[in-house]
Amino acid sequence: MIRPEEIKMSAEETGKWGMVINQDICTGCQACVAACAMENNVTFVGEEDSGYGRSMHWIRIERFWEGEYPEVKMTPNQPMLCQQCGSAPCEPVCPAFATVHSTAESLNLQVYNRCVGTRYCANNCPYQVRSFNWRDYERPEPLPNQFNPDVTVRRRGVMEKCTFCIQRIHKAQDKAKSEGREVADGEFTTACAQACPANAIVFGRVDNPQSLVSQLAHKGHGVKHLEELGTLPNVTYFKGG
Amino acid sequence: MTEKFSRRDFLKLAGLGAATSAILTGCGPASRYVKREPYQQMPEYNYVGQNTYYATTCRECAAGCGLVVRTYQGRAIKTEGNANNPLNLGKTCARGQATLQGLYNPDRVQGPSTGDWDSAIQAVADALKNYKPNEIAFLMGMAPDHLFDLVSELASATGMNAPVRFGALGMFESRATLSKAAENLFGQAGLPWFDINGAEVVFSFGANFLETWLSPLPYTRGFVGLREGETKLRGAFVQFEARMSATGAKADHWVPVRPGTEGLVALAIGKLAAEARGGAMPRAFSSVNPADVAEQAGVELEALEELAAMFATRKVLAIPGGAALAQSNGLEVAEAVLALNALSDNFGQAGGVYLSGLAPMQTEYNRPASAQEMKSFVEKMKSGAFKVLFVHGVNPVFEVPASLGFKEALGSVEQVISFATFPDETAAEAKYVFPDHHGLESWGYQRVATGSDKPVLSGAQPVVSPYYDTRATADVLIAAAQLAGGKFAEALPFKDEVEFIETKVSALMAEADGSFSAADPVTFMAYFQQHGGWFKNVDARVSLDGSAVLNNNFKGSEAEFAGEGEFFFVPFVSPTMAEAGANKPWLQELADPTTTVMWNTWVEINPETAHELGLHDDDVVKVISEAGEVEAYVYLYPAIRPDTIAMPFGQGHTAYGRYAENRGANPADLLGAHFNEAGDITFGGMKVKVEKVKSAARGIGLSRLESTMGVYGDSLGEEH
Chain C
1 MIRPEEIKMS
11 AEETGKWGMV
21 INQDICTGCQ
31 ACVAACAMEN
41 NVTFVGEEDS
51 GYGRSMHWIR
61 IERFWEGEYP
71 EVKMTPNQPM
81 LCQQCGSAPC
91 EPVCPAFATV
101 HSTAESLNLQ
111 VYNRCVGTRY
121 CANNCPYQVR
131 SFNWRDYERP
141 EPLPNQFNPD
151 VTVRRRGVME
161 KCTFCIQRIH
171 KAQDKAKSEG
181 REVADGEFTT
191 ACAQACPANA
201 IVFGRVDNPQ
211 SLVSQLAHKG
221 HGVKHLEELG
231 TLPNVTYFKG
241 G
Chain X
1 MTEKFSRRDF
11 LKLAGLGAAT
21 SAILTGCGPA
31 SRYVKREPYQ
41 QMPEYNYVGQ
51 NTYYATTCRE
61 CAAGCGLVVR
71 TYQGRAIKTE
81 GNANNPLNLG
91 KTCARGQATL
101 QGLYNPDRVQ
111 GPSTGDWDSA
121 IQAVADALKN
131 YKPNEIAFLM
141 GMAPDHLFDL
151 VSELASATGM
161 NAPVRFGALG
171 MFESRATLSK
181 AAENLFGQAG
191 LPWFDINGAE
201 VVFSFGANFL
211 ETWLSPLPYT
221 RGFVGLREGE
231 TKLRGAFVQF
241 EARMSATGAK
251 ADHWVPVRPG
261 TEGLVALAIG
271 KLAAEARGGA
281 MPRAFSSVNP
291 ADVAEQAGVE
301 LEALEELAAM
311 FATRKVLAIP
321 GGAALAQSNG
331 LEVAEAVLAL
341 NALSDNFGQA
351 GGVYLSGLAP
361 MQTEYNRPAS
371 AQEMKSFVEK
381 MKSGAFKVLF
391 VHGVNPVFEV
401 PASLGFKEAL
411 GSVEQVISFA
421 TFPDETAAEA
431 KYVFPDHHGL
441 ESWGYQRVAT
451 GSDKPVLSGA
461 QPVVSPYYDT
471 RATADVLIAA
481 AQLAGGKFAE
491 ALPFKDEVEF
501 IETKVSALMA
511 EADGSFSAAD
521 PVTFMAYFQQ
531 HGGWFKNVDA
541 RVSLDGSAVL
551 NNNFKGSEAE
561 FAGEGEFFFV
571 PFVSPTMAEA
581 GANKPWLQEL
591 ADPTTTVMWN
601 TWVEINPETA
611 HELGLHDDDV
621 VKVISEAGEV
631 EAYVYLYPAI
641 RPDTIAMPFG
651 QGHTAYGRYA
661 ENRGANPADL
671 LGAHFNEAGD
681 ITFGGMKVKV
691 EKVKSAARGI
701 GLSRLESTMG
711 VYGDSLGEEH
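From first to last, the protein sequence lines are chains C and X.
FYI, my numbering numbers position 136 of the first sequence as 136, with every residue one higher than the one before it.
FYI, my numbering numbers position 191 of the second sequence as 191, with every residue one higher than the one before it.
These are calculated hints, taken from the structure and not from any lab test.
Glycine residues also receive a C-beta, built at the ideal position from the N, C-alpha and C atoms.
Some hints here could point you the wrong way.
[Said to hold, decoys possible] Here are a few chain C residues that sit away from chain X, every Cβ distance over 12 Å (derived from the structure):
id	residue
1	MET56
2	ARG63
3	LEU109
4	TYR120
5	TYR127
6	ASN145
7	PRO197
8	GLY220
9	VAL223
10	LYS224
[Claimed, not checked] Just the calculated beta-carbon pair ranges, DEER-fashion:
id	chain 1	residue 1	chain 2	residue 2	range
11	X	LEU301	C	ASN123	52 to 58 Å
12	C	ASN123	X	THR114	56 to 62 Å
13	C	HIS221	X	THR503	54 to 60 Å
14	X	ASP292	C	GLU68	24 to 30 Å
15	X	GLU612	C	HIS221	39 to 45 Å
16	C	GLU66	X	THR114	57 to 63 Å
17	X	GLN188	C	GLU66	42 to 48 Å
18	X	THR114	C	THR118	53 to 59 Å
19	C	TYR52	X	GLU691	47 to 53 Å
20	X	TYR468	C	PRO95	45 to 51 Å
21	X	GLY115	C	ASN123	53 to 59 Å
22	X	MET281	C	GLU66	37 to 43 Å
Chain X extracted, bound-state conformation:
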């Protein structure tokens, strides 16, 4: 890139009258030559320069939000949202803000474990060459897409196993269930797209769309539209879930249904609403008896009737998500809730349900592996079918539930090569660690899977030069393929990663309705960097044909639970840290939106239940499931069913740097290997026991932003 398209070329281009923005510079490589000095050690006679802003893509999750990073003397200072990106329109979440604490994290992997990159590339080349192609496997995260494309091309040309993608966020979103439900109901797999913005009323069955679900920024925007829409009354919001999430906390009505009954509740509401409207009763609702459902779900029948009355008279958008789908009957829950939308004639309508359109350079919906697919992946590792495993962009030892045995299976793989940026649990088990750059030092692109109505390709470019002796994994693979020769070299005939990206991106030049156009590839790439990506000015959402969904015969099946315990168990993704935020100290110090806890893991227990068990705030308890046990502090949570306990996912690392290590517990350790019909793990289908380990003591306990003075009769630091 630097030779083909230098900063000088760019300036020439700008001089020729190309419409260059004054703010966003497209000359990424130039930043690699800037002398960088920490602010604290700035030389006395330093020339105080101007800020330079680079557009790139956030890599804290796979959503693909655009960032504009302020850099100053070669240092990245602040991230802001990219207003040009139709997904996030200039906004960021807390994780996007804290991405700099990943870049400047004191515990990054600073160089290849072999000492130098020549031997590292040799090791990768040997791994490619010395094994049969079908003995080589790639496990990748949900981002970045350019590397996934590169590996996919390598795999299909050489007969290697196609890369498998996994991410804990995808697992907790039950993406496989959503996609399968869409396929069953509408004949087309994909992620549903909910137009909350245009809805009158939203009924969410467990979907935590204001936290981490699918793409929280556009859904937050949709929520604002629901509440503040200029042309309509303030929209209502009802949330059905056993434990009040930060999303549920914003609801007008929070309905604490028993875990596993969400689908039944949806069908009962449908039946009552259809009765209220009169006419023929749709077949979908024939199997349920609302009075029975009310009892099973632990809610009043009158409450269901009131909600059904709302459904009968107003345009209601029903959203399935979260723990509701992670049940043995999760697929039916997803289908039942999606089918409810037929009552409001929501399919393909404003304020209704669509299917997310395909992103640029995409021919079919490509979902990450479900937990069940990960289980067969693990079995192949165990059986010795995989002799070489490359891991990039995911930390499976932490993210894949322990009961699937990923960590143990690593021992059966001859060569595990990790490309981790941080010293995570998987890197600790790997034979070699060949660190990739941090996202802000990287080239790349990411397809926006859902959230925007337009097809968006977010572009990434380095905003600072690499801090350490790291190397882009794509560059490592290209160099190793050249070294391995033969069909490997033929599969990746690129000079480097940037040339690969240019080849891909410039193919978009021919497309109509682009957000920008250019006559030649060099200019097109310059714009691509400058704008932080490219999108098509068309509505790509797929209208669904939902005319027949109410003819489905839903069994109204009950969820089955695994384990002997007395409590339902709701693990949820930490809204502030998600799966990979634990090593950023400021994400640790953000207060959890509902509990205000910082820096640790807690177990949410209803105060009444805690009273019966003799538990107080900050007592340490052991939570025991059929798959394992973890210890954590008690948090008396007023908004959870008395028969349910909940724990956040995100902590409990045994590696991953000083801020994450040996802190809190990982609730994924409690999940047994049970799957729903779509292959998602039934993380909401566990029954657990709680045992007290020790009482709260002065000076030990959860750090929280709120004060506990006078709450539930407790006072700070006092003996119970």
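Bound-form chain C, shown alone:
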């Protein structure tokens, strides 16, 4: 159980990388899902396993129905991904310290070579955004040519989830460091945000009040999902409509 003082501590460190998602303009086109899979070596699992709910999407577009025909309405598309909680329920339940918190970046890390596959973290994630490699899924040659060399290829028995494209973060930080400067806002972005045809996803430093993501996050009508659980998510949603 997370004690209140811990939440406060986490709240102070909240910041750094964050995301704003505008559901009003999200068209549900799935470009982010495809972009994420291509960037992060996320495997496809085939029809049968995806029917059992084993598909590996790190980001998915949720939608719900309201009302009945003819007054039926689809709720605004809701891209759901790891919320990079400031006080993450997945972290304290991992016996192997495979899912740990990076204080420096305020991200939830997933250390694949520590993961022993208990799946406690996925069980405890209120957002249901963790996916587990139930098998070594086949990627016949020459499909592996596409693998991004910056991202570990996971295998059976390992949990995985959205990393906020940490490889892109590090690449941008390395580049900025070698040039003796800070990473500029908008200099790089995550694969999902880069692809999004509607610019519904904005990524950046939430601890920099000048950044676009900060300014959007503080617009006032943003909400954080399941905030009442005290998870301190780093993703802000605009419901719109």
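Starting from the known structure of chain C, arrange chain X on it as the hints suggest.
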């Protein structure tokens, strides 16, 4: 190209102070010599190099979006949008992202079916030489344009039949109807261009502009402008369609009108709006009675009045598209909806309707063949008028509705030569298969037909060296023409494909207002590759004169339906896979935006209707039309009229590689050969029957991302 303009030349050029970008390299051919190793098998002491980024053009559809592809040690790793391309401004759709799974698809055609390219070129040369020119036909896809230009030149110089282009996307967009409606109303054929971005309110009559319609990326951008425009209130969006599409799901009001009544509804709204405004009633609306229309369309008259009130007081952009135009009265629907725009004075105005401008190197609007034109093409094949058929960039056996008989007609053609990259259904029927490179291994250019206000020529260059023993079709044709000699050789006096492209592209050097300029062709080509194309900094949209459109006398005709069934039938293009995505496993595993189904085909049925028929989720049903029957799983879809069923197009392949083959069903098999006045197939004008084949069973059914727990009283895997 490699001899004329080497990497060394390029570096010299860069050293001379030419403004070269640090990111986008223009030295495509160099990639052909890079040693390539899969990441998994990387040698231990490998030098970890830098990424190289190449600008090229996406070939997943014909829109012409620019890509920048990240390559690493000769392998393409990731595609991103090209921010320099005014069409997509750095963005991509899901298909653009998954194009790499086409490049690395394990089921590509790996070499010419004759074994080597010398005999392949000989076979093409023989086909050109041994038949009369008018016995030779080319059927091509809507992309790429450079090959279309090359074949057009060959055809006009030798008397061969001019190449015919076709694509299922064009068919489902009813492009011929849109163009004909523009011609009838404004005296000029072409694709209308809708400025959604600047509109206050959008009324879309079936146009699925956020999915696959015409050019979805710029229309998505327009939609964002409608909702988020800085200087105005959030714009409203009303969608009229019998089955809620992913586009309709974003609407503030979804109005489920009966299929075939869209034109009447448009006219009724026009009449009510004109009444509310007062003054003389335009002639266009004289034939309709709103109360009757409300009854025919199955909507409340009050609902129409409310919408008309919106029309009367605000600036409304009316867009015709999709299944609404694919009716026997589709041309009148398109004209009626376009005419509505006159009420808001939309023609040639911001937030209104324009005609798409001509792309660079284009003298007139060139639309793909309509289904009716494909029917006469098929008849020529059957009659033996075509003895040689070359097929490139399209899979007609799958994409042309079966009732048009393309597959059967192939048997009457002596030589069918396919240039398919993948082993598709048409290649399976061909005498020879001489595979073209994948789009990311190819040179080329694509004219942007619509979506950008500027004239854009997207440029393509190979981002990786070809994986297999494939060859550019343009190179094959040039070599075969040389071999055939005579007027063929004279028609294509080029060393190779790249020289042809250089000849074409360098002609743009003389144009004013270009996105870049250069003093000599070599530099111009280098920039063209580096920037991923060239565009003109002018607004090329054509302002329309719509002053007289309301004087038209619309008959207000009713749609006629083919078949005996009790249900209207709405086939729609899968928003994630479109016509050619089924062989990319990640496109298969993307959840459909409205149903969340993956990897299969479903039949959308209203839950009430399903209850009456005793159907449940995942039951297998047979859908029967006058033209054929297909089987698919039932999906209880809450946002569809009870008298309508819908099916996605994109699956149902019998070939096309392991991920596509024998998966799902093809709703195009249900379409009868009926056409509207513009020649588009009336895919929205079928009536179909539904018969239950078997009940849902544990472990069998649709894979979906959503859970079905507790939905409509069903629970996962339970017997009904």
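Status of the hints after comparison with the structure:
The beta carbon of MET56/C is not kept farther than 12 Å from every beta carbon of chain X, the shortest such distance being approximately 8 Å. Not every Cβ of chain X is farther than 12 Å from the Cβ of ARG63/C; the closest lies at roughly 7 Å, contradicting the non-interface assignment. Consistency note on LEU109/C: stated as away from chain X, and its beta-carbon is indeed over 12 Å from all of that chain's, at 22 Å minimum. Separation of TYR120/C from chain X is adequate, the least Cβ-Cβ distance of about 21 Å exceeding the 12 Å criterion.
Distance to chain X confirms TYR127/C as a non-interface residue, since its nearest Cβ pair spans about 15 Å, more than 12 Å. A beta-carbon of chain X comes within 12 Å of the beta-carbon of ASN145/C; the shortest separation is about 5 Å. The non-interface label for PRO197/C is inconsistent with chain X: the shortest C-beta to C-beta separation is roughly 4 Å, within 12 Å. The non-interface label for GLY220/C is consistent with chain X: the shortest C-beta to C-beta separation is roughly 16 Å, beyond 12 Å.
The claim that VAL223/C is not at the interface with chain X holds, since no C-beta of that chain comes within 12 Å of its own (minimum 18 Å). Annotated as non-interface, LYS224/C keeps its C-beta farther than 12 Å from every C-beta of chain X; the closest such distance is 21 Å. Restraint check, LEU301/X to ASN123/C: a C-beta distance of roughly 54 Å satisfies the suggested window 52 to 58 Å. Between ASN123/C and THR114/X the C-beta distance comes to about 58 Å, which sits within the given range of 56 to 62 Å.
Restraint check, HIS221/C to THR503/X: a C-beta distance of roughly 56 Å satisfies the suggested window 54 to 60 Å. At roughly 27 Å, the beta-carbon separation of ASP292/X and GLU68/C lies within the given 24 to 30 Å, and the hint holds. Hint check: GLU612/X to HIS221/C, Cβ distance near 43 Å, so the stated range 39 to 45 Å holds. The supplied range of 57 to 63 Å is met by GLU66/C and THR114/X, whose beta-carbon atoms lie about 60 Å from each other.
At about 44 Å, the CB distance of GLN188/X to GLU66/C agrees with the hint of 42 to 48 Å. Checking the proposed 53 to 59 Å range against THR114/X and THR118/C shows it holds: the Cβ atoms sit about 57 Å from each other. About 29 Å separates the C-beta atoms of TYR52/C and GLU691/X, a value inconsistent with the hinted range of 47 to 53 Å. TYR468/X and PRO95/C have their C-beta atoms about 48 Å apart, which keeps the hinted 45 to 51 Å range intact.
Evaluation of the 53 to 59 Å hint for GLY115/X and ASN123/C yields a pass: the beta carbon distance comes to about 57 Å. Here the CB-CB span from MET281/X to GLU66/C is close to 39 Å, well matched to the stated 37 to 43 Å.
Taken one by one, the earlier hints fail for this structure at numbers 1, 2, 6, 7 and 19, listed in ascending order.
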